[in-house]
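All chains, full assembly: derive it from the sequences and hints.
Respectively, the protein sequence lines represent chains A, B, C and D.
Every letter in the first sequence is one number past the one before it in the working numbering, and letter 58, counting from 1, is 58.
Every letter in the second sequence is one number past the one before it in the working numbering, and letter 92, counting from 1, is 92.
Every letter in the third sequence is one number past the one before it in the working numbering, and letter 105, counting from 1, is 105.
Every letter in the fourth sequence is one number past the one before it in the working numbering, and letter 107, counting from 1, is 107.
Keep in mind the hints are simulated off the structure, nothing from the lab.
Be aware that one or more of the hints could be misleading.
Which copy? The list can't say, so a pair holds if one copy fits it or any two copies do.
Taking lysine to aspartate or glutamate pairs in the EDC-like style, the calculated list, with each CA pair at most 16 Å apart, reads [to be verified]:
(1) LYS153 with GLU18
(2) LYS151 with GLU87
(3) LYS151 with GLU18
(4) LYS153 with ASP83
(5) LYS74 with GLU90
4 protein chains.
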Amino acid sequence: MTLRIIATGGTFDKHYNELNGVLGFADSHLPEVIARSRMTIPVELQVVSLLDSLDMQDADRRNVLAACQAAGEKQIVIVHGTDTMRETAEVLGAAMSDKTIVFTGAMIPYKFGSSDGLFNLGSALAFVQTLPNGVYIAMNGKCFNWNNVRKNKQTGMFEELG
Amino acid sequence: MTLRIIATGGTFDKHYNELNGVLGFADSHLPEVIARSRMTIPVELQVVSLLDSLDMQDADRRNVLAACQAAGEKQIVIVHGTDTMRETAEVLGAAMSDKTIVFTGAMIPYKFGSSDGLFNLGSALAFVQTLPNGVYIAMNGKCFNWNNVRKNKQTGMFEELG
Amino acid sequence: MTLRIIATGGTFDKHYNELNGVLGFADSHLPEVIARSRMTIPVELQVVSLLDSLDMQDADRRNVLAACQAAGEKQIVIVHGTDTMRETAEVLGAAMSDKTIVFTGAMIPYKFGSSDGLFNLGSALAFVQTLPNGVYIAMNGKCFNWNNVRKNKQTGMFEELG
Amino acid sequence: MTLRIIATGGTFDKHYNELNGVLGFADSHLPEVIARSRMTIPVELQVVSLLDSLDMQDADRRNVLAACQAAGEKQIVIVHGTDTMRETAEVLGAAMSDKTIVFTGAMIPYKFGSSDGLFNLGSALAFVQTLPNGVYIAMNGKCFNWNNVRKNKQTGMFEELG
Numbered sequence: 001m002t003l004r005i006i007a008t009g010g011t012f013d014k015h016y017n018e019l020n021g022v023l024g025f026a027d028s029h030l031p032e033v034i035a036r037s038r039m040t041i042p043v044e045l046q047v048v049s050l051l052d053s054l055d056m057q058d059a060d061r062r063n064v065l066a067a068c069q070a071a072g073e074k075q076i077v078i079v080h081g082t083d084t085m086r087e088t089a090e091v092l093g094a095a096m097s098d099k100t101i102v103f104t105g106a107m108i109p110y111k112f113g114s115s116d117g118l119f120n121l122g123s124a125l126a127f128v129q130t131l132p133n134g135v136y137i138a139m140n141g142k143c144f145n146w147n148n149v150r151k152n153k154q155t156g157m158f159e160e161l162g
Numbered sequence: 001m002t003l004r005i006i007a008t009g010g011t012f013d014k015h016y017n018e019l020n021g022v023l024g025f026a027d028s029h030l031p032e033v034i035a036r037s038r039m040t041i042p043v044e045l046q047v048v049s050l051l052d053s054l055d056m057q058d059a060d061r062r063n064v065l066a067a068c069q070a071a072g073e074k075q076i077v078i079v080h081g082t083d084t085m086r087e088t089a090e091v092l093g094a095a096m097s098d099k100t101i102v103f104t105g106a107m108i109p110y111k112f113g114s115s116d117g118l119f120n121l122g123s124a125l126a127f128v129q130t131l132p133n134g135v136y137i138a139m140n141g142k143c144f145n146w147n148n149v150r151k152n153k154q155t156g157m158f159e160e161l162g
Numbered sequence: 001m002t003l004r005i006i007a008t009g010g011t012f013d014k015h016y017n018e019l020n021g022v023l024g025f026a027d028s029h030l031p032e033v034i035a036r037s038r039m040t041i042p043v044e045l046q047v048v049s050l051l052d053s054l055d056m057q058d059a060d061r062r063n064v065l066a067a068c069q070a071a072g073e074k075q076i077v078i079v080h081g082t083d084t085m086r087e088t089a090e091v092l093g094a095a096m097s098d099k100t101i102v103f104t105g106a107m108i109p110y111k112f113g114s115s116d117g118l119f120n121l122g123s124a125l126a127f128v129q130t131l132p133n134g135v136y137i138a139m140n141g142k143c144f145n146w147n148n149v150r151k152n153k154q155t156g157m158f159e160e161l162g
Numbered sequence: 001m002t003l004r005i006i007a008t009g010g011t012f013d014k015h016y017n018e019l020n021g022v023l024g025f026a027d028s029h030l031p032e033v034i035a036r037s038r039m040t041i042p043v044e045l046q047v048v049s050l051l052d053s054l055d056m057q058d059a060d061r062r063n064v065l066a067a068c069q070a071a072g073e074k075q076i077v078i079v080h081g082t083d084t085m086r087e088t089a090e091v092l093g094a095a096m097s098d099k100t101i102v103f104t105g106a107m108i109p110y111k112f113g114s115s116d117g118l119f120n121l122g123s124a125l126a127f128v129q130t131l132p133n134g135v136y137i138a139m140n141g142k143c144f145n146w147n148n149v150r151k152n153k154q155t156g157m158f159e160e161l162g
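Here you go:
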């Protein structure tokens, strides 16, 4: 069995550009993160985009969907910005039913000492191995169905719908 | 629902004593780790011991068992040294059948920049929510049944029995 | 003898706001940095401002000057953004001749794992104890007179004037 | 002008061996540290030994002396364990008078998140550029003459002799 990790960008992968002081993107940190995790299950990493999720367009979400459809693996973790994670999860939730797909991300960039990214990735890689086919969002130790979750803008946390 | 995390010590919680240069134990790092993870599920932390797992005696393992039996929670993660993680898991595996208990730990102390501890804890907290009752070991993204796992001393990695 | 450290903001003290994803300012990190350095010389910390140095106005630079003039200490380190560090150093250089004042900062925020801030602060605190009265900029292990330095925008590094 | 950095081991360079849990030595971290510091002055790094300073013998100290005598640079920083830093400084202090040599080290290994090593190295590299010929110990922001310093075993701090 092999797992697929799809990188799309988001806070997890933000990079500090020291020449202009902007927090943007360079290379994905995921190769380093995967090495550090010492994953013993084979992992295939695919960088589909490196975008702030507020900048993602419909075409970007379709690219994520296409990557999931083309994947040989049945278990896929998608690292994504939290602001529109639910929107991309909706696109996949409506179209995919034969794989387990878990979205995750970070509130603090991985390269900050206090990042929650490594914790979230660890939990997503566990949820994806144990949950039935479907599309999920895993953040802060909790896993939600794609159609029963929203990001609370005040707290920054994900929560179930009313 | 509430999760219980039981600390027993191990590499995860090792502390560097700057006065004598010894890597031992002071307070558990788990309160800080739990805060950093931004867990939204309530977590009850219980420090049963702070020991190198090579120093654990039968009485220490029975204390871990007693803590699991006394716990009101049905889902328990145990942070434990890797060297005798399997031995303690055996004690619990033989005695507990009505809860989901997941052991985890770290190859590198949490306070080192390159620690795998946060990743392992994230995965353990996900496995414990999704697996049926039983006793498991979750390390490096993979989850093993307590009676089908060993630590490979050459590689430092956990693997299934032949 | 006591040293004074004046915080003005800059990349060194940038804080990641996880609710809106903006790299701005909250509390100064310098109390934590000073504790970590285990400085045995008494240090007086004064937060004059917490500004991106591109946002500093003439009045802000005059506040820094006033703080230096009012200080009882003869040795002052100023943590400042690199983009206009030279401009503030000019204001002080033209007005102060009875103290040793060393500007320093960081190319990468202190809270990033790879920050150069701690190194720069260590060097500035050493230069300030050993150089004669005057105003200096210490970055990346090198110390410049305030009137013979510029930031190279291409490399991000400070260098002597032609 | 070029600076020389001589590595001898010590807490600064301690490495955690994840296979046996021992804090010992592998490669020096100094190449990474020098890159992170963005030093603009050319630096020549020489690894003379990688030893806990409690394990250093007379021959090891003579090797450090020989390296200093053979160096083309007039300014040398020596990264050394704190426990016998003073003893090696004595060997050099008695024999060297034509160079500026500054010993430094760390209370916490560089690879720990909370290490003071980067701060100490920054200060040592500044002291070495500004102090007259002689042998010094720079720790925790303060610089001592080699013949007027001891490590206080209770506090772990360096202090002047009564």
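Results for each hint:
Proximity of LYS153 and GLU18 under a CA criterion of 16 Å is satisfied inter-copy only: 11 Å between copies versus 29 Å inside one chain copy. Taking the shortest Cα distances, LYS151 and GLU87 sit within 16 Å of each other inside one copy (11 Å), while across copies they are farther apart (42 Å). Proximity of LYS151 and GLU18 under a CA criterion of 16 Å is satisfied inter-copy only: 13 Å between copies versus 31 Å inside one chain copy. For a Cα distance limit of 16 Å, the shortest separation of LYS153 from ASP83 inside one copy, 9 Å, qualifies, whereas the shortest one across copies, 33 Å, does not.
Within a single copy, LYS74 and GLU90 get their C-alpha atoms no closer than 19 Å, and across copies no closer than 32 Å, so neither meets the 16 Å cut-off.
Hint violations for this structure: number 5 only, all remaining hints satisfied.
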